[in-house]
Amino acid sequence: MSNNNNRFSRRKFLQTSALTAAAAASGTLVAPSIVRAQGSAVKVGLLQPVSGALSYSGQQGRLGASIAVDEINAAGGLKGLGGAKIVPVLGDAQSTPDGGNAEVEKMNSAGVSAIVGGYASAICLATTQTAARYDLPYIVDVGVTDAIVTRGLKNTFRFGPGFGVLAKTALANLVAINDKAGKPAKTVMIVHEDSAFGSGLAKLLNAQLPGKGFEILETIPHPTPTRDFNNVVLKIKAAKPDIVIPANYYNEYVLLARTMQQQKVRPKAAIYSVLGGAASSYKFVKEFPEAAQYIMDCNHWFDPRNPKALALKRKVEAQGQFFTYEVYMNYSAVLLLADAINRAKSADRAKITEALASSTFAGHVMPYGPTKFVNGQNEGAAPANTQVIGNDIQVILPEAFASAKPVYPLPPV
Amino acid sequence: MHLSILFPAIINGLLTGAIYALIALGLTLVYGVLHIINFAHGALLTAALFAAFFLHKLFGIDPYVAVFILVPAFFAFGYALQRFVIGPASHGDDGNILLVTLGLSVIIENALLYAFRADTRTIDLGYGFSVVSVAGMFLSAPRLAGFAGAVVVALLLWLLLTFTDTGKSIRAVAKEKLGAQLSGIDVAHVYAVTFGLGTACVAIAACLLIPTYYVNPHVGNAFVLIAFTTVVLGGMGSIPGALIGGLFVGVVESLSGLYLGESLGQIGIFLMFILVLLFRPSGLLGELA
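Residue numbers (the working numbering), protein chains in the order written: chain A, 1 to 413; chain B, 1001 to 1289.
The set of hints was computed from the structure by calculation and includes no laboratory data. For every residue, glycine included, the Cβ atom is placed at its ideal position computed from N, Cα and C. Among these hints, one or two may not hold up.
No farther apart than 25 angstroms at their CA atoms in a straight line, the calculated lysine to aspartate or glutamate pairs in the DMTMM-like style are these [what the hints assert, rightly or not]:
#1 A:K283 x B:D1119
#2 B:K1057 x A:E287
#3 B:K1057 x B:E1109
#4 A:K286 x B:D1094
#5 A:K237 x A:D303
#6 A:K85 x A:D146
#7 B:K1057 x A:E105
#8 A:K283 x B:E1109
#9 A:K372 x A:D392
#10 A:K106 x B:D1124
#11 A:K85 x A:D70
#12 A:K286 x B:D1165
#13 A:K351 x A:E105
#14 A:K264 x B:D1124
#15 A:K154 x A:D348
#16 A:K286 x B:E1109
#17 A:K283 x B:D1093
From the derived model, a few chain A residues whose C-beta atoms are all more than 10 angstroms from chain B [to be verified]:
#18 G52
#19 A53
#20 T226
#21 D228
#22 A238
#23 Y282
#24 D348
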């Protein structure tokens, strides 16, 4: 009996292992054809904080990315994959890093080839790391903290400018504008949100501004969301700085500007934002033109000389939406990814990562120099300075595509 | 720190504190009569904020007009909750009531989350940022209205409890439930009326808050913690205590925000909460146990 049993189990073992081997063999044989079958569709994760405190920005980002996907699909899909369509996998980071991580896990399970988005620095820091565990190529749309690209994550790419470049340009431009007007401003107050983006910026400004002849009177952090800026504005009123530098997200930016207007607090020279959450947003200018008047910003901006950018602007406005930076940043990021997939001629994650690293993509809508990724950061990326003048947003620097001269210092009321 | 900003900061604190007081009034009333902390208070506030938000968004009803719709509606809702859910489910045990209200808050909050997602919504009213100039200060008009509203409601509540038959029976039940029952007072009805009044307070607070505040499914939590602190500070069950406690908490929050920074603004409140619990557990105006 026992012998029989043994024989039987041995036979069974042989059967099973044969089956396994066959399955494995057919698996390897079948795998490429599966990839080819998927050639009709490449899944791309579009991750945005479409609910929670950052929901407006998230929805704008999703809009920009979706337009790019639709345009690529309508124009015959991904050329490098025989016209394969992009299938967007939408994710909601719920305005928190945890929410973002959960979505990356889901997108990975769904078999996406790459992820675009994240928006906020704190979210991007978390989601890029999670994506790195699956060697999942990740294009950061906005998130400006430099730590995003300095951690040596091979999967992470940022097309837009990071903090270092932004702050350097912002400072240089502030000094240039101030010098040109005869140095009317000497004192500065910084109001910043207290997560990675605002705190990092405040730290940088505190290190750099004193060396450029500015005195920092006070640096005020606040959480996101904050629904009452009365205390902050009272402090500004008491300290009477020449320049107020706000660094926060959209809702808080609008509330701060409106509270300043309400309390009739106006700095002598300027409200000069670095990555102001609302300062160069058409939505803010349209809804609260008085609070927005003359606000300056050093921020992401589209290339007004590029007909493709202007066509996108018309398209977005025709949908009744505002042409905010989230839109064109995500639009450009998706085009960058599509270009990489076309050159990789594959939906394979490693190949896409490789193609991104060697990208020289030029078909975007930003006023950037030649695309060149060094450790995941696009060296060509650069911001622009804008100012709200009248009911429009004008580019005041760089001079190459400026549409107006800065109004500085602020004209008396 | 400049005196010129200290004074406005205190005034701002008082304006915020009035709303805290209004929310605490409902909580303290329910505590005074039913002898339970109503954990659903915050969730009911959230529900009222959503109601005020959608009345404005869908029907264009101004929040100050919405008071007259929401107060009866929320009174009825609170009455029904106590009469048909909390009361029967508690089986006469106070501990059970606590759990039932906690359960209710979870249900209400998650229902709102399911229906409206985690988005933060605000309404934009023409007068949302209008100001009244007082002695060189610019005070937010809707927040002044909130302050006035809170004081009026506290006064009305006090008059109701002192001079009406309903008020007398509420006080009778609060003092001696069995005695009240023996003299012919319908205790279940009084409980439900009290709960209804507490809920109506929350509806008023929501209408006064929404012009300058925002709503999301978790917004009530921040308030219920503060309201709880206020009630303990003022004395459990004391109406003047809730009013004074609320104003005091508002000022403490504003000043600690000013001196410690907005990120740490609420630390002051909870430090104070701990101190009160340590040194005067019955609260400023509470009866000594």
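Right, here's what the structure says about each hint:
1. Restraint check for K283 (chain A) and D1119 (chain B): the C-alpha separation of about 18 angstroms stays at or below 25 angstroms, so the hint holds.
2. Between K1057 (chain B) and E287 (chain A) the CA atoms are separated by roughly 17 angstroms; this keeps the pair inside 25 angstroms, and the hint holds.
3. Restraint check for K1057 (chain B) and E1109 (chain B): satisfied, since their Cα atoms lie roughly 21 angstroms apart, inside the 25 angstroms limit.
4. Restraint check: the Cα-Cα separation between K286 (chain A) and D1094 (chain B) comes to about 55 angstroms, which exceeds 25 angstroms; the hinted pair is violated.
5. Restraint check for K237 (chain A) and D303 (chain A): the C-alpha separation of about 37 angstroms exceeds 25 angstroms, so the hint is violated.
6. Using a Cα cut-off of 25 angstroms, the hinted pair K85 (chain A) and D146 (chain A) is violated, with the two alpha carbons roughly 33 angstroms apart.
7. A threshold of 25 angstroms between alpha carbons decides the hint, and for K1057 (chain B) with E105 (chain A) the separation of about 36 angstroms lies outside it, so the pair is violated.
8. For the given pair, K283 (chain A) sits about 31 angstroms from E1109 (chain B) by alpha-carbon distance, which is inconsistent with the 25 angstroms threshold.
9. At most 25 angstroms may separate the alpha-carbon atoms for a hinted pair to count; K372 (chain A) and D392 (chain A) exceed this at roughly 33 angstroms.
10. Pair hint K106 (chain A) plus D1124 (chain B) does not hold up; C-alpha atoms about 36 angstroms apart against a cutoff of 25 angstroms.
11. With a C-alpha separation of about 9 angstroms, the suggested pair K85 (chain A) and D70 (chain A) falls inside the 25 angstroms cut-off, and the hint holds.
12. Taken as a hint, the K286 (chain A) and D1165 (chain B) pair is broken in the structure, with Cα atoms around 55 angstroms apart against an allowance of 25 angstroms.
13. Straight-line distance between C-alpha atoms of K351 (chain A) and E105 (chain A) comes to about 21 angstroms, which keeps the hinted pair within the 25 angstroms bound.
14. Using a Cα cut-off of 25 angstroms, the hinted pair K264 (chain A) and D1124 (chain B) holds, with the two alpha carbons roughly 20 angstroms apart.
15. Distance restraint check for K154 (chain A) and D348 (chain A): the Cα-Cα separation of roughly 15 angstroms lies within the 25 angstroms cut-off, and the hinted pair is therefore satisfied.
16. Between the alpha carbons of K286 (chain A) and E1109 (chain B) the distance comes to roughly 34 angstroms, so the proposed pair goes past 25 angstroms and is violated.
17. Between K283 (chain A) and D1093 (chain B) the alpha-carbon distance is near 55 angstroms, which puts this suggested pair outside the 25 angstroms criterion.
18. For G52 (chain A), the requirement that its beta carbon stay farther than 10 angstroms from each beta carbon of chain B is not met, with the minimum near 5 angstroms.
19. Not every CB of chain B is more than 10 angstroms from the CB of A53 (chain A) (nearest about 6 angstroms), against its label as outside the interface.
20. With a least CB separation of 6 angstroms from chain B, T226 (chain A) falls inside the 10 angstroms interface cut-off, contrary to its annotation.
21. A beta-carbon of chain B is positioned within 10 angstroms of the beta-carbon of D228 (chain A); the least distance is around 7 angstroms.
22. At the 10 angstroms boundary, the C-beta of A238 (chain A) falls inside the reach of chain B, the nearest C-beta of that chain being 4 angstroms off.
23. No Cβ of chain B comes within 10 angstroms of the Cβ of Y282 (chain A); the nearest lies about 17 angstroms off, and the non-interface call holds.
24. No Cβ of chain B approaches the Cβ of D348 (chain A) within 10 angstroms, the least distance being about 35 angstroms, so the stated non-interface status holds.
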